[in-house]
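Top to bottom, those sequences are chains A and B.
Residue 1 is where the first sequence starts when you use the numbering used here, and the numbers rise one by one after that.
Residue 1 is where the second sequence starts when you use the numbering used here, and the numbers rise one by one after that.
Hint data in this document are derived by calculation from the structure and do not stem from the laboratory.
No experiment lies behind these values; they were computed from the predicted model shown.
Any given hint might turn out to be false.
For chains that are exact copies, the list does not tell them apart, and a pair is met inside one copy or across any two.
[Stated by the list, open to error] Below, computed lysine to any residue pairings styled on SDA-like, alpha-carbon distance capped at 20 Å:
| hint | residue 1 | residue 2 |
| --- | --- | --- |
| 1 | K71 | E58 |
| 2 | K71 | R364 |
| 3 | K158 | H199 |
| 4 | K71 | G135 |
| 5 | K158 | I15 |
| 6 | K158 | G135 |
| 7 | K158 | G202 |
| 8 | K158 | V376 |
| 9 | K71 | G40 |
| 10 | K158 | A168 |
| 11 | K158 | L194 |
| 12 | K158 | L123 |
| 13 | K71 | S128 |
| 14 | K158 | V41 |
| 15 | K71 | Q145 |
| 16 | K158 | N170 |
| 17 | K71 | G30 |
| 18 | K158 | M82 |
| 19 | K71 | F371 |
| 20 | K71 | A311 |
| 21 | K71 | G97 |
| 22 | K158 | A361 |
| 23 | K71 | G328 |
| 24 | K71 | D404 |
| 25 | K158 | A274 |
Protein chains: 2
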Amino acid sequence: MANLPGGTGMGMGMIAAEIERLDREDPFAGRRADFAIPAGVIYLDGNSLGPPTRWAAERLRSTVVEEWGGKLIHGWSECGWMELPNRLGDRIARLIGAGPGTVVVADSTSVNLMKALAAALALQPFRSTILTEEGAFPTDGYIAQGLCRFMDRTRRVKAVRAEAIEAALNEDTAVLLLTETCYRTARRHDMARLTARAHAVGALTVWDLAHSAGAHPIDVTAARADFAVGCGYKYLNGGPGAPAFIYVAPEHANAPAIIPGWMGHAAPFAFETAYRPAAGAARMRAGTPDILSMRALEAGLDAFEGVDLEALRAKTMRLGDLFIAGVGERPGLTLLSPREGALRGGHVAYAHPRARETLDALARRGVIADFRPPNVLRFGFAALYLSHRDVAEASQILRAVLSDLEDSSAA
Amino acid sequence: MANLPGGTGMGMGMIAAEIERLDREDPFAGRRADFAIPAGVIYLDGNSLGPPTRWAAERLRSTVVEEWGGKLIHGWSECGWMELPNRLGDRIARLIGAGPGTVVVADSTSVNLMKALAAALALQPFRSTILTEEGAFPTDGYIAQGLCRFMDRTRRVKAVRAEAIEAALNEDTAVLLLTETCYRTARRHDMARLTARAHAVGALTVWDLAHSAGAHPIDVTAARADFAVGCGYKYLNGGPGAPAFIYVAPEHANAPAIIPGWMGHAAPFAFETAYRPAAGAARMRAGTPDILSMRALEAGLDAFEGVDLEALRAKTMRLGDLFIAGVGERPGLTLLSPREGALRGGHVAYAHPRARETLDALARRGVIADFRPPNVLRFGFAALYLSHRDVAEASQILRAVLSDLEDSSAA
Chain A
1 MANLPGGTGM
11 GMGMIAAEIE
21 RLDREDPFAG
31 RRADFAIPAG
41 VIYLDGNSLG
51 PPTRWAAERL
61 RSTVVEEWGG
71 KLIHGWSECG
81 WMELPNRLGD
91 RIARLIGAGP
101 GTVVVADSTS
111 VNLMKALAAA
121 LALQPFRSTI
131 LTEEGAFPTD
141 GYIAQGLCRF
151 MDRTRRVKAV
161 RAEAIEAALN
171 EDTAVLLLTE
181 TCYRTARRHD
191 MARLTARAHA
201 VGALTVWDLA
211 HSAGAHPIDV
221 TAARADFAVG
231 CGYKYLNGGP
241 GAPAFIYVAP
251 EHANAPAIIP
261 GWMGHAAPFA
271 FETAYRPAAG
281 AARMRAGTPD
291 ILSMRALEAG
301 LDAFEGVDLE
311 ALRAKTMRLG
321 DLFIAGVGER
331 PGLTLLSPRE
341 GALRGGHVAY
351 AHPRARETLD
361 ALARRGVIAD
371 FRPPNVLRFG
381 FAALYLSHRD
391 VAEASQILRA
401 VLSDLEDSSA
411 A
Chain B
1 MANLPGGTGM
11 GMGMIAAEIE
21 RLDREDPFAG
31 RRADFAIPAG
41 VIYLDGNSLG
51 PPTRWAAERL
61 RSTVVEEWGG
71 KLIHGWSECG
81 WMELPNRLGD
91 RIARLIGAGP
101 GTVVVADSTS
111 VNLMKALAAA
121 LALQPFRSTI
131 LTEEGAFPTD
141 GYIAQGLCRF
151 MDRTRRVKAV
161 RAEAIEAALN
171 EDTAVLLLTE
181 TCYRTARRHD
191 MARLTARAHA
201 VGALTVWDLA
211 HSAGAHPIDV
221 TAARADFAVG
231 CGYKYLNGGP
241 GAPAFIYVAP
251 EHANAPAIIP
261 GWMGHAAPFA
271 FETAYRPAAG
281 AARMRAGTPD
291 ILSMRALEAG
301 LDAFEGVDLE
311 ALRAKTMRLG
321 DLFIAGVGER
331 PGLTLLSPRE
341 GALRGGHVAY
351 AHPRARETLD
361 ALARRGVIAD
371 FRPPNVLRFG
381 FAALYLSHRD
391 VAEASQILRA
401 VLSDLEDSSA
411 A
C-alpha cells in the first residue's frame with residue numbers, strides 16, 4: 001500500500017495492516033464483483049449515480065429480446081410487468097422499514113414528491129405552511145412552491161435553517177418537508193424525533209430519502225413518517241434517471257392522488273369513467289410503468305438481497321471515518337459533513353476554493369468524486385462495492401492532488 | 001395465398017395478385033426487417049405496444065455497458081444524457097409538425113397531460129370549464145378531474161359526445177381537451193377545425209396524440225394547437241411504458257409548469273433557491289430523465305428516419321381498408337371505426353359479443369390483436385412492419401375464427 005505511508009494524514013493512526021484486516025473481515029467483500037466498474041477507477045460518486053450491477057446488461061437484453069420482443073403485448077400479463085411497480089416497491093420497503101403495499105416505484109423523485117406533498121396538504125385543509133429547510137436540494141423547494149402556486153393560494157412555503165426547524169413548528173404547519181440526509185453535507189436528521197415534534201403540533205411529515213435509501217437502514221414505520229419519497233439511481237444502482245419510489249403510511253392509505261392516472265385506478269382495465277383509486281400506495285402510480293428502467297432498478301435491488309443493513313451502515317460510517325482521517329487537514333479544505341459518523345449519511349463533503357480543479361485532477365488519477373457549485377466536493381462511500389483500501393488510497397490521492405495545487409499556486 | 005380465395009369476404013374484390021403488387025410497390029417493404037417480431041406472428045397490436053426495433057437490444061446494451069458502466073457519472077456530460085429529452089423531442093417534432101424546442105420527452109402521458117392542462121388553465125384564470133369528449137381514454141378524464149379537485153374549486157370538467165363538442169364551446173370554456181384519434185374507434189377529430197372553433201370562443205386546446213404520433217402525420221403548427229401530449233410506446237415503438245412527450249406552442253413558451261422540477265430549471269446545476277424556468281417546452285421537464293428508456297425510444301424513433309409521413313398515412317389507410325374489406329360481414333360483428341379511411345387513425349375496431357374468445361382464438365393462430373372490455377376488438381395497422389399480405393391473411397383468419405365460433409354455438 002504504497003500510497004499509505006504511516007503518519008501522513010492518517011489522524012487515526014490507521015496503518016496498512018489494519019486496513020487489510022478490515023477488508024479481510026468485510027462482510028461485503030464478495031459483493032464487489034457484483035458491480036461493473038472500470039478497472040483502475042475508485043468510484044466515490046455512487047451517491048449521485050450508482051454503477052450498474054454485472055447482470056444489469058443481461059437483464060435489459062432479456063427484457064428487450066425475450067419479454068418485449070418475444071411476448072409483445074402479452075408481456076403485460078405474462079411477464080409480470082403490470083405488478084412490477086408494486087413488487088419493486090415491496091423490495092424497497094425492506095430498506096426503509098415499510099410494510100408491504102405501502103411503497104410503489106413510479107415516476108421521478110420530483111413527481112413523487114409532488115404527489116406526497118399534495119396528499120399531505122389535502123389532509124390538512126386548515127393549515128397553510130409547508131415548513132422545510134434552507135439549503136435542501138432545490139427541486140424539493142421548487143415542487144413545494146409550485147404546489148402552493150397552483151393549489152389554493154392560502155398555502156406557502158417557509159424555509160428555515162436546520163437548527164430552527166423545531167422552534168418553527170406550530171399550529172399553522174400543515175407539512176414538515178425534510179430530507180433525511182442532506183445532499184450537500186450528508187448531515188442526517190433525526191427522523192423519529194422530528195416526526196414526533198411535527199405530530200405534536202398536528203403537522204404531517206414528508207421525508208425525502210434520496211440520499212438515504214440503500215446507504216443506511218431507515219425505519220419509516222418506527223419513525224411514524226407520513227409520506228416519503230426516494231431515488232432509484234443513487235445507492236439503489238438503478239441506472240441514470242431510474243424510476244423513484246413513494247411511501248404512504250398505512251393510516252394515510254386513503255389520501256388523494258393529485259395525478260390520478262389510470263394505473264393508480266382500482267381497475268385500470270375496466271375503463272371506468274370515474275376515477276376510483278387503488279388501495280394504499282398503489283394509487284400513487286400514475287401512467288404506464290416504464291418497464292425497461294424498472295428492470296434495471298430490479299437488477300440494482302438484487303444487489304441488496306441478503307444484505308444486513310446494520311452491517312452496511314457500520315461499513316459506510318467506517319469508510320467515511322477512514323477517509324476523513326486519511327485526508328486530515330489541508331490549507332483551504334473545510335469539512336462540511338459531521339465528523340461524527342452517527343450524524344452522517346453515505347457521503348463526506350468538503351469545501352475548497354479550487355474544488356472544480358481538484359475534482360478534475362482526482363479524475364485523472366482514477367478517483368471519481370462529485371462537485372457541487374460553487375466550491376463543494378462530495379465523496380460517496382457505497383459499502384457494497386468499495387473496499388477500505390480503495391477509500392484509504394483515495395484519501396491519499398486527494399492529499400497529493402491538493403498538495404500539487406498548493407505547490408502550483410506557490411510557484 | 002391459400003387463405004385468400006377470391007370472393008369470400010373481399011368486398012372490394014381484391015385478389016391475391018393485387019395484394020402482391022401492393023407489397024412489391026410498398027415503399028416501406030424494406031423496413032420490416034428493422035423490427036424484431038417472432039416468426040409466424042402477424043402483429044396487429046402496435047397501437048397498444050409497438051415491437052422493438054432490431055437494434056433496441058444493442059442500444060440498451062451499449063447504454064448500460066459503455067455509457068453507464070463505462071462513463072459512470074460522466075455519462076451525463078459525455079454521452080449527451082442531459083440533452084436527450086430535448087433531442088428526442090426535436091425528433092418527435094417532425095412527426096407532429098412542431099418546431100424545434102417545442103417538444104420534450106419526459107414522464108408518462110398522464111403526467112404530461114397534467115402539465116399541459118395545468119398550464120392551459122393557468123392561462124385562463126377567468127373561465128371554469130375543461131370541455132372534453134365522453135368515451136375518451138379514461139386517464140385523460142381522471143387527470144382533468146384531479147386537477148379540478150386540487151386546484152381552485154371553480155374549475156370543472158364537462159364531457160359531451162363527439163357530435164356535441166362544437167355546440168358546447170362557449171365563453172366559459174377554458175380548455176378543449178381532445179384525443180386526435182380515439183383509442184377505441186380510431187375515429188379522428190379534425191384538429192385544425194376544432195382548434196379554430198375553440199380559439200373563436202377564446203378557449204385553448206390540449207390534444208392527446210397517443211394514438212396519432214407515428215401513425216399518420218400531424219401538424220400541430222398548422223392546426224394552431226396550444227398544447228399536445230403523446231405516447232412513446234405505441235406507434236413510436238419505444239418499449240413498454242416508454243417516456244412520453246409534450247408539445248408547447250411557441251406563443252405559450254412562458255406558460256407555468258405545475259411540476260417545476262430541477263430539470264426544467266433554466267440552470268439545474270446552479271442549485272438556485274428560486275425556481276427559474278427554462279425557455280419553451282424544456283420547462284416541462286421535471287425530474288431526472290430516464291436514460292435507459294429514452295435510449296430505447298431513440299431506437300424506436302430511428303425507424304422513422306427518412307420515412308415519408310404521407311406515404312405512411314396512405315399505407316396505414318390502405319391496410320385498414322383491406323382488412324375491413326377482407327373481413328366483410330359476419331353475424332354479430334359490428335364495425336366501430338369509420339369505414340372511410342380519411343376519418344380513421346391507425347387501427348380498426350369491431351364489437352362482437354364473443355370478442356374475448358375471438359381474441360384468444362386469433363392468438364392461437366398467430367394473429368395478435370387487442371381487446372377492450374366489454375366487447376371490443378382492435379386491430380392496429382402499423383405501416384412500417386406490416387405487409388398487405390399480412391393484413392389480408394389476418395382478415396381471413398378472423399373470418400375463419402368467427403365462423404368456427406358460430407359453428408360451435410350452433411352445435
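- Message: Please list, smallest to largest, the hint numbers that this structure does not respect.
- Response: 4, 5, 8, 13, 14, 15, 17, 18, 20, 21, 22, 23 and 24
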